[in-house]
Amino acid sequence: MTLLFLFALAALVVDARIRTALFGYVLFTGIALSFSYPGVGNIKDFAIFVVLALVKLVAGPASILWLEKHRGLRNDLRPSFSLGGRIAVVLTALGLAHVAARLPAFADVHNVGLVFFALTTSIAVVIAHRSLIANAIGLLALGSTVSLAAVVFVPHVPMSAELADTFDALLATLVGLAIAREIARENPELDVRSMRELRG
Amino acid sequence: MIPVVTLFPLLSFGIAAIPRRRAWRIALRSLFAVGAVLATIALVPHVDVLSGIFACLVSVVMALVVFFSSGLFPEPAKGHQAPWSRPSAFFLLVSAFWSAMLLAVTATTFVGLWAGITATTLATTFLVAHLGGRTALEAAWKYLMLCSFGIAIALIGAFMLARAAGDIGIVAGDRFSWSALALHGAQLGSPLARTGLLLMLVGFATKAGLVPMHAWLPDAHAKAPAPVSAMLSGLLVTCAFYALVRVEGVASYTSAAVLFDEVLRGAGALSLFLGAALMLAQRDIKRLLSYSTIEHAGIVAIALSLATPLGYFVALYHLLNHAFVKSLAFLGVGVVQHEQGTTSMGHLRGLRRGSGGRALLLAVVGLGGLPPGGLFISEILLVFALVRSGQHWLALFAVIAMLLGFAAFLRFALESAAGASATAASPAGPRALLGFANLALWCVGLGAFALAFLPFLPQAERLIELSRSLASGG
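Note that the protein sequences, when read in sequence, are chains P and F. Sequence positions in the first sequence follow this note's numbering and run 20 to 219. Sequence positions in the second sequence follow this note's numbering and run 257 to 730.
These are computed hints drawn from the structure, not numbers from a lab. Check before you lean on any hint, since a few could be wrong.
[Said to hold, decoys possible] These stretches of chain F come out as covered by chain P in the derived footprint (C-beta under 8 Å, 3 or more residues):
1) 382–393
2) 414–420
3) 423–435
4) 441–454
[As the list claims (entries may be wrong)] Among the chain P residues that face chain F by a calculated CB cut under 7 Å, a handful are:
5) D64
6) A72
7) A120
8) N154
9) V165
10) A168
11) A169
12) L190
13) V194
14) E201
15) I202
16) M214
Please read these numbers as outputs of a predicted model, since none were measured by experiment. Ideal Cβ placement from N, Cα and C applies to all residues, glycine included.
Model the full structure from these sequences, guided by the hints.
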């Protein structure tokens, strides 16, 4: 299970195709959801869990696929680095997660390494690719990371908190995709390189 | 009571969008805006003093911004026809932002606070993109991404803190409550609690625009329409600082207090200096005001990090003043942009003649830290508080940075106050509605400068008392 988890997150960063990254996201989210399932104690929690699963596994990826089809985007996340560079990014994320998990602060927290790897790869997706679609996938992955963190750090966190986080991630992705749709009128490749005009 | 008041702006503005006639919509919206202010005032006895002050601030400034926008609606760029740029959608998003801020400042737990702050991002992204055009859309994208990532990190920090709270025996229902966490603060000394508090600091500081997490702020504030910039700069940053006050309130009881305050002070000093230095390089008035927001965020962060009654007082008083003065400045820019068709500092002239220009100049006097503005008092008090805390070098550093900020505003005022406008005036809207916008503008101005007298009024005791209780854990 852990290997599958690592593979799914690595695919988000290493592969430059939108659909493969989405597959990696769905696999990662499915495993993350399996962590929260044991917390489902009654019918209300089960209903919330089903909604969570549908939103995370179906609505988020479907909205990205819709934009890809609607705007006729190429199945390409426009990588910032070569394949070797992206693999190095994943290995660095893995190393950082390994170090963080061994910090005294997290000595008693089971599975904390998985949370840190998910967090670093969610951020790495945004760094390793130049497409705004990669940003959106990173945002979705971050939403699942937060849910995973909730289960790992606060095992009895109310399902309503997870639901709020899930809808936040979905809404942020939908808002982002609506903006991306407008950006695509002038920047059809949705490449962040053409966003340098803003100086920050 | 609290959920009703929190949802009131969103629900009532939804009703106000129903009538077909524009005049009816404006009348209903204005009525509901006043109603929301009254409802917020009625809420005060049901929440703690800090929440009461911030809720009233949010509602008063939001109501004035709604009046202003009804009078001078920011028209999107030609050819931009996104659904969110329609007037009805604009005001619905404004009301959603209003409700989200009320949710944030009336929450009693970190999860509630997170929900409110994250909802503000979702509500305002479309508002930043309202005008359309490439740069506005890209600024909205950058804002959404950076703030979403930042706020997610804050939530993970809250989970870590809750875990640490569980480890010391705090019951499950109280693990996100700041009152309960502060009460057991002395036991919350584990590295996990410290890490959680620092992650929350990083997350909320991103939303507050503190350096180095500030990259979204100048673009979002400069590319948004003027009333939205006023809301973002005047209120959104203020709400993010409200969150930081709550986190600091817990951190100050734990063994993480020193580290937490040092990180906050470092980010504050960087923001103050970089914000002020970059103000000198700006040639667009909205970008100048945006960097000024970073400078003032730095001042508040430094004051807060002192964790003394005077420090808390300066932070709260500066936030109140800044909310009004910065809103006045951006609304003034809105009128000036409407009259002169530009925000380029090289082209703005004759500001002392029009009402918007005068409002902008008045705000610039306040933001530059000159009397009679309230920011003058809080900046002097900050230097005094720093000297009293033994931070002499930081006091000197702060004075230099404030002088840089003042120089940037002085240059702008000298260039733009006199002369005749170089650009043709854009077509004016209905006169009655413009008068409506001007009235709102002057109300904000009145609020901004009335606050300067607050420390000398008996009511100030409440704020000072609150600062004392924050410093001593009340």
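Against the structure, the hints:
1. Counting residues of the segment 382–393 of chain F whose beta carbon lies closer than 8 Å to any beta carbon of chain P gives 6, which reaches the threshold of three, so the coverage claim holds.
2. Residue count for the segment 414–420 of chain F with a Cβ under 8 Å from a Cβ of chain P: 4. That meets the three needed, and the coverage hint holds.
3. Three residues within the 8 Å Cβ limit are the bar, and the segment 423–435 of chain F against chain P gives 3, so the coverage statement holds.
4. With 5 residues carrying a beta carbon less than 8 Å from a beta carbon of chain P, the segment 441–454 of chain F meets the three-residue requirement, and the given coverage holds.
5. Against a cut-off of 7 Å between C-beta atoms, the interface hint on P/D64 is violated, since the closest Cβ of chain F lies about 15 Å away.
6. With 7 Å as the threshold, the beta carbon of P/A72 stays out of range of chain F, its nearest partner Cβ sitting at about 20 Å, so the hint is violated.
7. Taking 7 Å as the C-beta contact cut-off toward chain F, the hint placing P/A120 at the interface is violated, the least distance being around 12 Å.
8. Among the interface hints, the one on P/N154 holds; its C-beta lies about 5 Å from the nearest C-beta in chain F, closer than the 7 Å criterion.
9. Below 7 Å, beta-carbon pairs count as interface contacts, and P/V165 has one with chain F at about 5 Å; its hint therefore holds.
10. Restraint check, P/A168 versus chain F: the minimum CB separation of about 5 Å is within 7 Å; hint holds.
11. Against a cut-off of 7 Å between C-beta atoms, the interface hint on P/A169 holds, since the closest Cβ of chain F lies about 6 Å away.
12. About 5 Å separates the beta-carbon of P/L190 from the nearest beta-carbon of chain F, less than 7 Å, and the hint is met.
13. At its closest, the beta carbon of P/V194 sits 5 Å from a beta carbon of chain F; the interface hint therefore holds under the 7 Å criterion.
14. The closest approach between the C-beta of P/E201 and any C-beta of chain F is roughly 5 Å, which is under the 7 Å cut-off, so the hint is satisfied.
15. The beta carbon of P/I202 comes within 5 Å of a beta carbon in chain F, closer than 7 Å, and the hint placing it at the interface holds.
16. Interface hint at P/M214: satisfied, since its Cβ lies 5 Å from the closest Cβ of chain F, which is below the 7 Å cut-off.
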